[in-house]
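Those protein sequences? They're chains A and B, same order as listed. For the first sequence, the positions run 1 to 322 when this note's numbering is used. For the second sequence, the positions run 1001 to 1347 when this note's numbering is used.
Everything labelled a hint here was simulated from the structure, so no lab data went into it. Treat the numbers as computed from the prediction; the structure is a model and nothing was measured. From the three backbone atoms N, C-alpha and C, an ideal C-beta is built for every residue, glycine too. Careful: at least some of the hints might be erroneous.
What follows is a list of derived Cβ distance ranges for each label pair [said to hold, decoys possible]:
1. A:Ala-157 x B:Lys-1319: 32 to 38 angstroms
2. B:Pro-1160 x A:Ile-287: 22 to 28 angstroms
3. B:Ala-1067 x A:Val-102: 48 to 54 angstroms
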Amino acid sequence: MTNAAATLKRWETLMFALLVVIIALNSLDSRYFLSIGNFINLFQLSIEKSIVVLTMTLVIIGGEIDLSVASVMGLAACVAAWTFQHGAPMPLAVLFALVAGVLAGLNNAFWIAYIGLPSLAVTLAGLIGYRGVARILLEDRAIGGFPDWFNRLGQQAMIGPLTASIVIFFALFVFFAIVLHGSALGRLIYAVGSNVQAARYSGVRVGIVKTDLFVGSAFVAAVAGVLYAARLGSVRGDMADGFELDVITAVLLGGVSIFGGKGNLVGVGLAILVILNLRNGMGLANITGNTQNYVIGGILILSVLAPNVWQDIRNKWKGRGT
Amino acid sequence: MKKLVMSAAAVALLTLTPQSGWAQAATATPGKDVSMVLLPKFLGISVFDQAHKGAEEAAKELKNPTALQFLGPTPQNSVAGQIEIVTNAATQNVKAIMISNNSGDQIVPAAKAAQAKGVKVVTWDSPIPSADGEDVFVAQVDFSEIGKVMADMTLGILGPDGGKFAILSASPDASNQNAWIAAMKTALKDSKYAKLELIDTVYGNDESEKSYTQAQALLDKHPDMKLIMAPTSVGIVAAAKALQDEKLCDKIKVSGLGLPSEMLAYTKNGCAPQFALWSFVDLGYLAYYTAYMLSTGAIKAEEGAKFKAGRMGEYSITKDPTRAKGLRVLMGPFTIYNKDNVEAAAK
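Chain A with its partners taken away, still in its complex shape (with noise of 0.2 angstroms):
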């Protein structure tokens, strides 16, 4: 236990290294890094997905994946502003919106947890499924002209320099911590991650767990995708299209296993900030398009090579010394 506490030390040392690095970087090669303005955009410019990694930080850590998010935020995201272009007010526009999220993230919970499928499987369905409701109810249309103060929530500051978004985000940031690393849920979905016939020998109930993971995932993506229309001040079908993998990404740079069973949000929240500033400081480098994929991407391969390659020279030491 206290190996396996080292190695969790070792990784967030490794990505807060990391992060400083990066800063440190961007503070030097752009004089427009370090300001409020600029922090407060880094966080903006990628919140919907931050907010969507949270959870699917728990659905990993459980054993599962969920591959359906992003289309769940388009679904949610056109849901509601089909609903308040047919003349629902935006509040009943929204609550709409968020219950099809929950009504989404129960169907995948229904063949997951108590038909025994595939989450690989089900949520890629859902991937397709999802993304094909919103592109019907829009087409090609888009639909904006929502409300002063819905387009508010997604765009202007509300406590200090902090937008609705990024309150949000530190909000859900504390509850998802507390209920994976202070609750009983959180324990179970560790258990059940490391070992489901385990968890369920000693009287688990799996499907229950798997069910909250899946409907909270798909109801906060739809949170999510609500607060995307809110910023973007106009929707289309194709809204967050992709997005899902970039959410992965987050997830598994924090140290989270794709196992499961491993991991913790402190990793992810420092992997989010590595993300962040590293786009948002090769955006002001002018490093657009693929070469900033390709740099994530090889920084996602060398975090989750380090840490193997630093278990092997130990092992070797170890092996030398017996």
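Given the structure of chain A, go ahead and fit chain B onto it with the hints provided.
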């Protein structure tokens, strides 16, 4: 005395005329330091690289000491990527950003925020639909112009005796192609084109296979047809290939809108002696001039402003008739490609 008054009046007239008589076209002052970003829909598309080439040409001419930044997202990340680039450009206090908008109105909050920081937002190729957050749109061509060019090319290829021709379009509900065909029909009413007879219109849905079969069907159905007009870059290639495969290029020709690189072979071998497209090099060049002159205060983004854009000559800012609101600079005209210039353009 009388003479003096007269000459005084003449002097007054001379000095006044430029201001009062005609609105003088503003000219750019070269050498000003203007940081500018050219933002295509995404990177890796040849027409956008051509626009970049044109913008660099203008930058060199205007001796702008700050290098032009050509920044774009990947196709998979176009919307979020464009928003990110606009936001970062505003953070960097660039003076102007030129966008081929692929984000519909979703770019509006970012563009407005940039404007609020003093960035001039010029769109080219594809505007912001609501025109919010946009100073001016540099439009490539006018729809009615497209109809006229199609009629002119048909007449040019068939000669004064004219003849029968058919249209091979994209899908039946492609709004731009339909508008262009309608514009051509309007143009054909001119007595100049009296000898041209449009006998059929078919649709290849912008799929190579379907366009090819539709072109073959036209050849079977209308043995007296002299030309296929395809206002789509997919259709024109398919029709030219059908003619070449049937070895009919001596008798029947193809024309329309196409990419020089794809049409090179067919133009050289005479299947498609003339076709048209707007020049993306010029579009980039004009967008750069417009943005540079807006940023340096040489012109204002308002109706009636006139300016001289280097080698391309004079342009003016007008209301955009294609949108509810918004201003545009209309580039036009087309470049007509034939065997003399297609090779250079295909590179």
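Status of each hint after checking the structure:
1. A:Ala-157 x B:Lys-1319: 32 to 38 angstroms: Given a distance of about 35 angstroms, which is inside 32 to 38 angstroms, the answer is holds.
2. B:Pro-1160 x A:Ile-287: 22 to 28 angstroms: At 58 angstroms between Cβs, range violated.
3. B:Ala-1067 x A:Val-102: 48 to 54 angstroms: Given about 51 angstroms between the Cβ atoms, the range holds.
Taken one by one, the earlier hints fail for this structure only at number 2.
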